Amino acid sequence: MTVAHGLRVVRTGWLVSMKELTHSSFFVLVSILQPVIFATIAFFMVEAGGRSGTLLYTALGAGLMGIWSATLFGSGGLIQWERYQGTLELLVAAPAGLVFVLLGSTLATSSIGIYAIGATLLWGSIFFGVPLDVAHPLLFVIAIPVTILGLGLLGLVLATTFVLYRHANALSNLLEYPVWLVTGLLVPVSLLPGWVAPIGWFLAPTWGIKAIRTAALGGDPLPAIGATLALSALYLGLGAIAIKQFERLSRERATLALT
Amino acid sequence: MGESKLTHYILLLYREGVSVVEAESLRRVYRTTTGAVRRRPLEVEAVRGVSFAIGQGELFGLLGPNGAGKTTTIKMLITLLIPTSGRARVLGHDVVDDARVVRSKIGYVFGGDRGLYERLSAFDNLRYFAELYGVEGRLIRRRIAELLDLVGLTDREKERVEGYSRGMRQRLHIARGLLHDPPVVFLDEPTIGVDPVGARELRSTIASLTAAGKTVLLTTHYMFEADTLCDRIAVIARGEIVASGTPSDLKRIVADRTVVELEAYGVEERALEALRALPGVDSVAVEARDQMQVVSVQSAKGLELTQTLLAHLDGARVGRVSAREPTLEDAYVALVEDEAR
Chain A
757 MTVAHGLRVV RTGWLVSMKE LTHSSFFVLV SILQPVIFAT IAFFMVEAGG RSGTLLYTAL
817 GAGLMGIWSA TLFGSGGLIQ WERYQGTLEL LVAAPAGLVF VLLGSTLATS SIGIYAIGAT
877 LLWGSIFFGV PLDVAHPLLF VIAIPVTILG LGLLGLVLAT TFVLYRHANA LSNLLEYPVW
937 LVTGLLVPVS LLPGWVAPIG WFLAPTWGIK AIRTAALGGD PLPAIGATLA LSALYLGLGA
997 IAIKQFERLS RERATLALT
Chain B
71 MGESKLTHYI LLLYREGVSV VEAESLRRVY RTTTGAVRRR PLEVEAVRGV SFAIGQGELF
131 GLLGPNGAGK TTTIKMLITL LIPTSGRARV LGHDVVDDAR VVRSKIGYVF GGDRGLYERL
191 SAFDNLRYFA ELYGVEGRLI RRRIAELLDL VGLTDREKER VEGYSRGMRQ RLHIARGLLH
251 DPPVVFLDEP TIGVDPVGAR ELRSTIASLT AAGKTVLLTT HYMFEADTLC DRIAVIARGE
311 IVASGTPSDL KRIVADRTVV ELEAYGVEER ALEALRALPG VDSVAVEARD QMQVVSVQSA
371 KGLELTQTLL AHLDGARVGR VSAREPTLED AYVALVEDEA R
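As given, the protein sequences belong to chains A and B, one line each in that order. Just so we're aligned, residue 757 is where the first sequence starts under our numbering, counting upward by one. Just so we're aligned, residue 71 is where the second sequence starts under our numbering, counting upward by one.
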């Protein structure tokens, strides 16, 4: 399989998954409402803490919480849905590398997150007076897709486990809140015990939010953008190795189909 | 030897020399657990040493009751399951070691409602799989149009699959399986649940595959279908092949028998057991047709059993009674029942 064919598979997989997701009223409803709810909770928390100068900081964190939830829920849900509708076996039975197929799907789920950021900022601006002045507009525009790529590839690593384990949804539900906390999306990591920060270093949302926040509020976002890209490459490598192993194991253990 | 017989003979020799699909002592064990609190390991041997070979351009049927191991056998051949032991090759490539190569050379179609992206149109479904199978970008549209035409979905390709009937879905499945023009096609119960007219159209499409030189492995429950389509058949029961040969070879198994068919209402399992215990009765099968049951009793030719049978169906209402020559279905019933005893 050539790289060009792999990229075509990623592109078509992305398109197919976007259509699948946007045709699911449940997913659309959750994706529309969740970021707005997260943003509202976060703004009230900031208001209660009396830190009015950190509104944009909070809004961006809430937006990324939405992206992470969409990625986690979407990538796990998509594989489960593929298994349920009997297409997971067909994807494995096709000669295209499964890593490219899954990459298209997980990138689609995290792409939905662009809406999450936009909706959070708009909601915050209209109802909570969040200032929308961005320090480095160009780097801000770069930091967002880089972060989405990072989260999508983290979703890919998780999706590989969904191929092998039929009940991996339990794992995805478990990972939503802890990742918000250890990556500093909801509250600064400095407020948490010292052992939490090193966990966050290996998670793309930590560097993604750092990149987006520094691009918006001031500072140099390039190191964080670089770290997000480096982690993305690591996730891609891990995902490719894991899917090879998990695909073979799923053929041994017969977990690709429900029956 | 006439010309057509000679051609047939040469074709047979050619087929014997070129096995496109080979299964050697294939065995598959499923390991699972049972029990809610104290979980105990459970092993189910779904396929127990299945061997067969399919020649170039042959349409080979795998027949068997539910749970006999047909789908498990197919899934091992199409690389979705790794055999517990034994080996299989498709076009000379091992299904475990050369899975990627095997996948590019086979098409897989299964029956039922599943296996399609419900929220997408038929065109989007086909386009996605065309990419997955590496169909060249500039050829994709033309190939999809050809296949939509072949399966009669040309004017419906923009509709979402969730609104499709069972027959339309099945036709779309076949189009999907042929996108990359594979030389070998696996069809797992492709006409299941399809109405008689739709099933006839599908059978004609399946027949056209071998006419185009493809090698086909077909599993089905419908004996008429197997009889009309298959060059050779293997009957599988409880994970083992119990007989194989041409449809005529299999029919010969019951050539010395006759079949009495009784249309009845309210026949209980107890009465069927009593019929099975009668001297001279080889097998008893019952089929539900709407409210009615059709009881088929196989016995040795020349044995007059009708009155005895009626006497043993005392509590049931019996309608038409007829005697007929055995069919492939009777041979199948006899083989599967013998295996169950």
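Quick caveat, the hints were computed from the structure, so don't treat them as lab data. Some hints here could point you the wrong way.
[To be verified] With a cut-off of at most 25 Å between alpha-carbon atoms, the simulated DSS-like pairs for lysine-lysine come out as follows: (1) Lys228(B) / Lys775(A); (2) Lys1000(A) / Lys175(B); (3) Lys228(B) / Lys175(B).
Here the structure is a predicted model, which means the values were calculated and not measured.
Okay, the hints, checked on the actual structure:
1. Our distance criterion of 25 Å between C-alpha atoms is met by Lys228(B) and Lys775(A), whose separation comes to about 14 Å.
2. Restraint check for Lys1000(A) and Lys175(B): the C-alpha separation of about 20 Å stays at or below 25 Å, so the hint holds.
3. Simply put, Lys228(B) and Lys175(B) have alpha-carbon atoms about 28 Å apart, too far for the 25 Å limit, and the pair is violated.
Violation of the numbered hints given earlier is confined to hint 3; every other hint is satisfied by the structure.
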